[in-house]
Structures are given as C-alpha cells and as structure tokens.
Amino acid sequence: MKAREYCCCAIPLVKAGIYATLIEQFSLGIIIGTLSVGTPSIVGAATPSYAPLLLAIACYVGVAIQVLGFIGVFKEKHILFRRYATLHSLITLVAFAIAAAWVILSASRHSTALTNCENKYYPTAPNGSNTTEGQTVCGIITWVDVGLMIGAWVFFALVQAYLLFIVSSYGTAQRRDYEKYEALNDTTKPLTDNIPMSDRGDPWDYRASAEYEDGHGYMRNASTASTMNAPLQKERYADGQSYLTPTYPPQPQSQFERQQSTAGQPAPTQAHPGVY
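The sequence shown maps to residues 1 to 276 in UniProt numbering.
Because the hints were derived from the structure by calculation, they are not lab data. Treat the hints loosely; a few may be bogus.
Unchecked claim - No farther apart than 30 angstroms at their CA atoms in a straight line, the calculated lysine-lysine pairs in the DSBU-like style are these:
1. LYS15 x LYS77
2. LYS15 x LYS75
3. LYS15 x LYS120
Stated by the list, open to error - With beta-carbon atoms standing in for the labels, derived distance ranges:
4. ALA101 x GLU179: 22 to 28 angstroms
5. ALA161 x LEU53: 40 to 46 angstroms
6. ILE104 x LYS75: 30 to 36 angstroms
7. VAL154 x PRO48: 20 to 26 angstroms
8. PRO40 x GLY147: 42 to 48 angstroms
9. PRO40 x THR86: 35 to 41 angstroms
10. PHE74 x LEU148: 35 to 41 angstroms
Since the structure is predicted, the reported quantities are computational estimates derived from the model, not experimental observations. Glycine included, each C-beta is placed from N, C-alpha and C at the ideal position.
Given only the sequences and the hints, what does the whole structure look like? Please build it.
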C-alpha cells in the first residue's frame, strides 16, 4: 500500500496525524460504549436487553487496543503496531456487525417497537382502546429512529474505513523505513547496489564523462613519461595488414649540406693539365 503523507488532507501523518487518529478512535470508543448502556432505550429499537451491553463491550475492547497503537508509535515498534492494526481492524468489524444487526432487527420488528412505544407513552384508555394519536406518533418516531440509526451507521462506517486506511498506510511506511535502516547495518550485503544513490545516474562511475567527447570542459593532457612509455601504434588496413613504408628516390643536396657532410675530409686535388 502506498504510504500517505497527510491525514484529513492537512495534518502531517508523521506524527501528528497518526496521534490524532488514535485519539479520535480512543474517544469514539469511550463515547459510544458509554451511550449504549448509560442512556434510555431508543424508541424505535426492538432488540434484546443484552444488545447494548454487547456493543459496549466491543467498544471498550477497542479502547484498550488503542493503547497498543500509542505504544507502537511512541516506541517505534513496527511489529507491535502491525499487531495493533490487525486487532483494531477485527474489533472494528465486530462493533459494526453488532450495530448493523441492531439496526436490521429494529427495522424488521417495527410492529414490536410500535407496540412498546404505545404502551410506554400512550397507555391504554379506561375503556380498553388505544388512541389513534398514539399510533400515529409512535409510528413516525419509530421509523425516524430506524432512519437515524441507518444514517449514523453509514457515516461512522465511512469515517472508520478512512481511519483504518490511515492506520494501515502508517504501518506500511513504518515497516518500510525499518527495513531500510536494517539494510544499512546488514554485513552480509556488500556496499554496491544497495546504496540508494547507485541508481541515480552513477555519479561515481569510472567511465569518462561525455562532455570531453563534445569538446566541452577541461581534460588533463597526458604526461611526457606516459607518452614515451606508450607502445608504438602501427597503421593497419581494415583486413589487418600493415601499411607499407613508402620509399622515395634520393633528393639532390644543397651546397650547404654538401659542405657539412665533407667537413673534416681532405680537399679534393685537381689534376694538372696534360696529366691523365
């Protein structure tokens, strides 16, 4: 899952966003659990007497699980936070399943809810007949209550689905960062391709830069020693044969060159006339 950077479109997920998510779920569990057992029964609800207690237990268990989330975030324990995310998802599904069963049962037993409303708020007249006003008012109230329960269930389901996505995204990012940190201290892996910058253009590659090929930039000239020690390169044809060394006929020497070449030699003698 792709990691998110913000929660609720504006709060940074690390760490204000995740703390805000945990606080919201902690507070919501306490409020719903307390309201389910500490308030009068809903007029439109036709559920067993133990149904509010089941919902309260699920909510308080979810509150206790939030403590694991706080510890996992504060102590940077990715394994603990992953377990928290799993347990939190399960208890959330349980709570919403109980609430959904509550709503469905109330809607299917509307006649029972209507009778309970009439008996509680519009008692039977002395002559043994119920008033039409009581039937009308209780009929409206019971259906309104069912509609409000359905709307509340859908609203909180959407909110909790988004918060579950935020929790899962934070857990994924936390485990990913932990794996990167462990990879830096892993002695079994050489420091080659595991370096994060190795795939960003290879800035330390041994290959020559392309800017020298285009004539741009500065490149150090070869030293005299390296030039003298370099092997002699012979020109060759495409088929591998060497070029033939060209030979030219001797050229006539100038007077200065002839004088230099005869320096130190005896001067030539000229024969007398008549002597052969």
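Quick rundown of the hints versus the structure:
no., hint, verdict
1, LYS15 x LYS77, "holds, 14 angstroms"
2, LYS15 x LYS75, "holds, 12 angstroms"
3, LYS15 x LYS120, "violated, 51 angstroms"
4, ALA101 x GLU179: 22 to 28 angstroms, "violated, 41 angstroms"
5, ALA161 x LEU53: 40 to 46 angstroms, "violated, 26 angstroms"
6, ILE104 x LYS75: 30 to 36 angstroms, "violated, 41 angstroms"
7, VAL154 x PRO48: 20 to 26 angstroms, "holds, 24 angstroms"
8, PRO40 x GLY147: 42 to 48 angstroms, "violated, 19 angstroms"
9, PRO40 x THR86: 35 to 41 angstroms, "holds, 36 angstroms"
10, PHE74 x LEU148: 35 to 41 angstroms, "holds, 38 angstroms"
Checked against the numbered hints given earlier, the structure breaks hints 3, 4, 5, 6, 8 and satisfies all the rest.
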